[in-house]
Every structure is written in C-alpha cells, then in structure tokens.
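**Q** Sequence:
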Amino acid sequence: MVHYRRWPRAAHRQVPSLTVLPRYLDVLLDYPIVREQAVIPAEVASGRVSLEEALQHYQDALSVASSPSTADGMLSDGAFLTHFLLFVNDICVPMDADHGGDVMWAQHLNHLRYIAVQRHNRLGREPYGYILWSICELDMYACLLGSGSGDFARTIIENDMLPSLEAQIPATATTSPCLQSEVRIFPMIQRLNEGVVLNAIKVAQHAQQYRTTSHHPSPGATARLQASVSRLQSDLLTHWSQAYPAAYLGPESPQAGFNLPPRVRYVFEHAYLLHQATLIYSRTSMFAAQRSIPVANQGDVHADTERRCIGILTLASSYMEAEPFMELRHAVFPVLMAGIATTQPDAKIQAMNIIKAMESPARGGIGQNTVRTRQLLAAVCEEQRRVVGAGGKIEQVDWLALARERGLSVVNCGL
Numbered sequence: 001m002v003h004y005r006r007w008p009r010a011a012h013r014q015v016p017s018l019t020v021l022p023r024y025l026d027v028l029l030d031y032p033i034v035r036e037q038a039v040i041p042a043e044v045a046s047g048r049v050s051l052e053e054a055l056q057h058y059q060d061a062l063s064v065a066s067s068p069s070t071a072d073g074m075l076s077d078g079a080f081l082t083h084f085l086l087f088v089n090d091i092c093v094p095m096d097a098d099h100g101g102d103v104m105w106a107q108h109l110n111h112l113r114y115i116a117v118q119r120h121n122r123l124g125r126e127p128y129g130y131i132l133w134s135i136c137e138l139d140m141y142a143c144l145l146g147s148g149s150g151d152f153a154r155t156i157i158e159n160d161m162l163p164s165l166e167a168q169i170p171a172t173a174t175t176s177p178c179l180q181s182e183v184r185i186f187p188m189i190q191r192l193n194e195g196v197v198l199n200a201i202k203v204a205q206h207a208q209q210y211r212t213t214s215h216h217p218s219p220g221a222t223a224r225l226q227a228s229v230s231r232l233q234s235d236l237l238t239h240w241s242q243a244y245p246a247a248y249l250g251p252e253s254p255q256a257g258f259n260l261p262p263r264v265r266y267v268f269e270h271a272y273l274l275h276q277a278t279l280i281y282s283r284t285s286m287f288a289a290q291r292s293i294p295v296a297n298q299g300d301v302h303a304d305t306e307r308r309c310i311g312i313l314t315l316a317s318s319y320m321e322a323e324p325f326m327e328l329r330h331a332v333f334p335v336l337m338a339g340i341a342t343t344q345p346d347a348k349i350q351a352m353n354i355i356k357a358m359e360s361p362a363r364g365g366i367g368q369n370t371v372r373t374r375q376l377l378a379a380v381c382e383e384q385r386r387v388v389g390a391g392g393k394i395e396q397v398d399w400l401a402l403a404r405e406r407g408l409s410v411v412n413c414g415l
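Residue numbering for the sequence shown follows full-length UniProt numbering, starting at 1 and increasing by one per position.
Bear in mind the hints are in silico, worked out from the structure with no lab data behind them.
Just so you know, not all the hints are guaranteed correct.
[Stated by the list, open to error] Below are the SDA-like pairs computed for lysine to any residue, each with C-alpha atoms no more than 20 Å apart in a straight line: (1) K202 to R154; (2) K393 to N297; (3) K356 to N297.
[Said to hold, decoys possible] Cβ-Cβ distance ranges computed for the label pairs, FRET-style: (4) A246 to E321: 26 to 32 Å; (5) R125 to P219: 47 to 53 Å; (6) R404 to E327: 26 to 32 Å; (7) K356 to T213: 23 to 29 Å; (8) A390 to Q298: 21 to 27 Å; (9) S164 to A289: 39 to 45 Å; (10) H216 to Q298: 19 to 25 Å.
Think of the CB as a built atom: it goes at the ideal place given N, C-alpha and C, for glycine as much as any other residue.
Construct all of the structure, not just a fragment, from the sequences and the given hints.
**A** What follows is the structure, encoded as structure tokens:
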C-alpha cells in the first residue's frame, strides 16, 4: 500500500534553502502529470522559502495526480514519482535517527522496487526510464558506502528491466534522443557509461556480501575473496578497454572529454570518474583488512592506484570554477575514494578542499551530505595519520568501519 505523509516538523530535520534543491526534483516538472498540478509559487522559485516547504509543494502536486486508493492508482505515474520524491528527500534532507531517518529512505526504496516490478509486468517498458536508471545509481552509491543492500538494482537487472540507452538520459526537445552534434559519439559514450555503472553495482553488491559474511575470514576464505575480487577487477578493466572510444577521444586522460558536446562530456566524465573510483574501491574497500593483504605486483598496483587518484583529483579540480556545483555531484564519491586511497598528504588535502568547495551554498553547493562526506574523509585521514605515527600503515584503516563507529555513515555523497 502506498502511503502519503506530511513532512516531519522542522525540528527533526536540518533543512537547507532551495538553492540546494536536487536536480532530480526539477526533473519531475518535465513530466505532464506533475506539471499540470504543480504551480510553483514565486517565493519558492526565488529561494525565499525552505526546501521543506518546496518539497511539500511537490508532494502535494504528486498526491493530487495519483489515486492510491485503487490497484491501478498504486501503480500510477503519480505513485511512482511520489515515492521517488520521498526517497530522494529522505536522502538529501535526513531526519534524526530517533524519528526514523535511518530507515525511511530504505522503506521508500523498497516501495519503489515493488512499484517498478509491477509497472514492468503491466506496461512492459517503464516510460520514465531515466528515473529508473537514477534510482539504480542511488542504490549503487548507498551500497558502496555501506548503507544499502543493492536489492533495487539487483531486481531491475535480474528481471531484465534496465532502460535502453536512449531512456537513461532526460529527453531533449527534439524527436531524436541525440542532438545532431551528438549522433556519432553519444551512443558509444552511453555504452561506456552503462557498463561502468553496471560493473560498479556488481562491485558494490559483492562488497556488501563479503562484509556481511566475512568478519574474520580464514586464510582459505581470504584467498577465495581475493580471487573473486580479481575477477571483478578484470571485468572493470576489460569493459573500459573495449568500450573506451580511443579513436574519438585519444588516450585515456582526465582531459579526454573536454572537447565533447556538453551533454556527452557530462556522461563521459561521469563514467571516467566512476570507473576510476570503482577500481580504487575494488582494491581497498571490499572487505576488512583488504589493503593489508599482499597482492601480486604490489608495487605496480600501488602506482596505478595513485595514478587513478590523481586523475580523479585533476578532473574534479577543473570543476572548481563551474557553477552550479549541483551539476557535478557525481564527482564527490570519486574524490572521497581518491582522498582515502592516496598515500600523498598533498593529494589528501586537495581532496578535502575540493569537497569543501562543492558544499558551498553560496556557489550553488550540494548540501549537508557533502559536508558529512568531508567530515568522514577528515576523520579517515586523521586516523591514518595516527596509525602511521604509531608505526603502522594507512592500509590498516578500514574507512567503512570507522564511519560506522564514529556515526559518519552516509547514503549518498552528492545529495
């Protein structure tokens, strides 16, 4: 059953201004079912009211547009989009844990999973494929950050419900999914990005499984974990080498997408950053004490990891003059991974500074989850310094365990 609710009292939430309203909510206005009902007051549009009030306005519009009292209503566009709105809201405007804030987002994600499957059974193709793809990505990040199970993405993949490449991006004003300037290169970049996201989902799900079942693995179990992780890493590298359009972009580099049309560049750089971050994650964060276990060609692997960290920070640094930062939220998780994994103190400081710049409300910053991400990175770096000062190595610090212990876990870095 679909339930609608009023937002909890402001005392239970830290509500930022409308300047950090996620792009996902703006996307909802592209849909007729929402646009017909949502007449946004001038005060909301100008940012003179709180995000809480703005979100309530969106929810009211969506509630009017749906009819959850009937079986058809529970599978309606309005019900689907409302739960998407509530899911995003409970990530980007977190409620205190005492008031259910630590589970509300997961409950809405579970509702979305049920609705998505039932809509697929009834409609065949989800008409709002971009929303479905976005939910898969949000589920992926929650899982990578140790806060989710990856069940939504798993269900979508196992039931062959993934949207087509054309449906994974917002529609343009033209009848073609690609603009004329994008026709030759965009499908290749989309295939690259799709494979990167699906591989990241696979890595996230395996890491969640490993950390759930392998608290103190035996030497034999550790060897099996390493072999499984090696296969995942091979899949990551194979897809990138096969799908990366070198004939159009030249050698892989942080600057490779600079001359692409804006929309294509955005998708390419999303793929580039996530690929680097996922590979770093697969080498550092799959299970406890992973970084302390020797691997073949350890020196080469370490050098390659450092190169990927610097690649992430180089590209993310190029965004520092861009506004609004809301469009660049996909960079925060990769920067976090680079800051955690690099052994170079200057690179750690650079990662911290990038995230701090991206959280700035004065420059269209992202908001409090990014603040929390910076706090997590600062805590990890401080613990790494403490361990090294005591004669240990930074590889001994398990950042996911530290996040849980210090109450710094996040569901998403960029909302």
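**Q** Return the numbers of the hints above that this structure violates; sort them in rising order.
**A** 3 and 7
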